[in-house]
Amino acid sequence: MRISTSFFRPENLCELRDAISVFDGQIQYIAGGTDLVLNLEKTSPDLLIDVSRLPELSYINVTGSGVNIGAATTFNMINSHPDLPRILSAVIDAGAQIGSKQIRNRATLGGNIASAVPGGDMLPVLNCLDCEIDVLRKTGDIEKIAFNQIIRAQGATYLANGDLLTNVHFPLRSVENRVSAFAKIGPRETLTIARLNASVAATYDAATNWVSDITIVLGAIGPKPHRLWEANAFLSNRPFDEHFVQDFIAALENGIDHAIQGRASHPFKRSVVKGLSRDLLQSLVGPTVSEEAI
Amino acid sequence: MKMTVLLNIYQYYDIFTLLQSGRLRPTNWTVHNYSRGPDENLCGGIQFPQMEHLSNNASTACDHRETTFIVNGETHILAVDATEKLSDVLRKTLGLTGLKIGCGEGECGACTVLFDDVAVNSCMVLAFQADGARIETIEGQENPEGVLSVLQRSFLENGAVQCGYCTPGMVMACEGLLRKNSSPSRDEIRHALAGNICRCTGFNPIVDAVQAAAREMKK
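Heads up: the sequence lines are chains A and B, in that order. Read in order, the letters of the first sequence are residues 1 to 294 in the numbering used here. Read in order, the letters of the second sequence are residues 1 to 219 in the numbering used here.
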């Protein structure tokens, strides 16, 4: 980092908007800093702006049409929120497995997106739940962008200099029994960076044991989350039974084959995806997945 | 006043850090018995008659904005660089060497402090981000008369301290837990300590200590 880097800690969003609208240099936002501080040497901003304590970026609002979470909301705040709807189970599961308590007390939802680390636990979840991101431009305008259009490459996004993530919108479909889940595999049980993670969302009717409208997204197998577009066709509108479990595993194995065939990590990830699938389905529908089925 | 202290390898490092920063100015200090101690640890007796702490603001040459640090109830107004980490300001500028910088990347938890009552890794917080926040370190846990906190005493009584390197971070992480949860289960304590690595004491006595402290606090 250049020596001339300055810092700025705005009191509110208006102050920040005024500052970035007239600043011509390279801007770097910092919130929790749990990724950025480790990589400060690689960055060279003219101005570091702390957004971690902006009240306008730290909130959780549950409405009838969806859930809005501020970009500077920490994972600990998300995990301890009492009223998140069931469809956001994957968000809670992923948030609870990120880093350690100390990291979750600092790390933010927006930071997980802006860092664009391939192993980012929240990335497959945001893709799976079709999230929409609000971006504050330097002009002062707020633009809504689909999450899928944010990440460009490993550690890089399509955000321009000065663009700030402000809000993550989780749309709620007007369908009952909508559920979601997240699971990860890493070298340790806790405080671990995912070697493989995944999120699934589906409509599951426990009374009829029926699955429909399923979305599966794999993470940590490329620069962006990898959505299994074809899975919905043969995993939806069928009963949740052992055949479903086998097909679910096959879908994830095919996804890994498609994404990383030939890479050194391919055999490992193809092998562990069976256990990951079991964890996902147990989180999704409860402890009804028998060990024998997997 | 003369005092004799047994130091372990980490404490030697702390003293060198203070010497390097100019905050500790030993006058007429003598070192003896550098050979291995009776327990084969790299300990020795070190005798130094005087510690003179220099001015709080060691970075007056810096022309960056001033930042207000409220550390253990005391307010310090310091000029910090944009890239300075909170852990460095606490250790090198304020001389609070209780927290340790083990890994410097949020893996070991030895640098844990309380930031507005929640545990954070101070090596992953930039100093200017702490402007106006209440920071608590291990040094602030005992009362002004030097009486250890319930949690600190419990660590001692339950044998939860061996080499001591991880202990300040452990205590602060557990303090953060107990402020949110006054009677944590063993699983909850282990979960809260997932970001604190101990390589010699073992976690069982630490979990025992936290549970004993929680019971003591309820009395």
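Any given hint might turn out to be false.
Computed, partial: chain B to chain A, Cβ under 7 Å [unchecked claim]: (1) T83; (2) I101; (3) G102; (4) G106; (5) T112; (6) V118; (7) A119; (8) M124; (9) F128; (10) Q129; (11) Q162; (12) A192; (13) G195.
Computed list of lysine to any residue pairs in SDA-like fashion (alpha-carbon distance at most 20 Å, straight line) [stated by the list, open to error]: (14) B:K180 to A:Q26; (15) A:K274 to A:A207; (16) B:K180 to A:P82; (17) A:K42 to B:C103; (18) B:K219 to B:E105; (19) B:K180 to A:R227; (20) A:K138 to A:D24; (21) A:K138 to A:F23; (22) A:K144 to A:D134; (23) B:K218 to B:Q162; (24) B:K218 to B:Q141; (25) A:K144 to A:E11; (26) A:K274 to A:G119; (27) A:K274 to A:E242; (28) B:K180 to A:H81; (29) A:K138 to A:Q26; (30) A:K144 to A:P171; (31) B:K180 to A:H169; (32) A:K42 to A:G25; (33) A:K224 to A:H258; (34) B:K218 to B:E188; (35) B:K180 to B:R215; (36) A:K42 to B:R179; (37) A:K42 to B:D81; (38) A:K224 to A:L172; (39) B:K218 to B:R153; (40) B:K219 to B:F203.
Because the hints were derived from the structure by calculation, they are not lab data. Note that the structure is a prediction, hence the values are computed from the model and not measured. Beta carbons: idealized from backbone N, C-alpha and C, even for Gly.
- request: Could you tell me which of the numbered hints above are not met by this structure, giving the numbers in increasing order?
  value: 2, 3, 11, 14, 15, 18, 19, 23, 25, 31, 36, 38, 40
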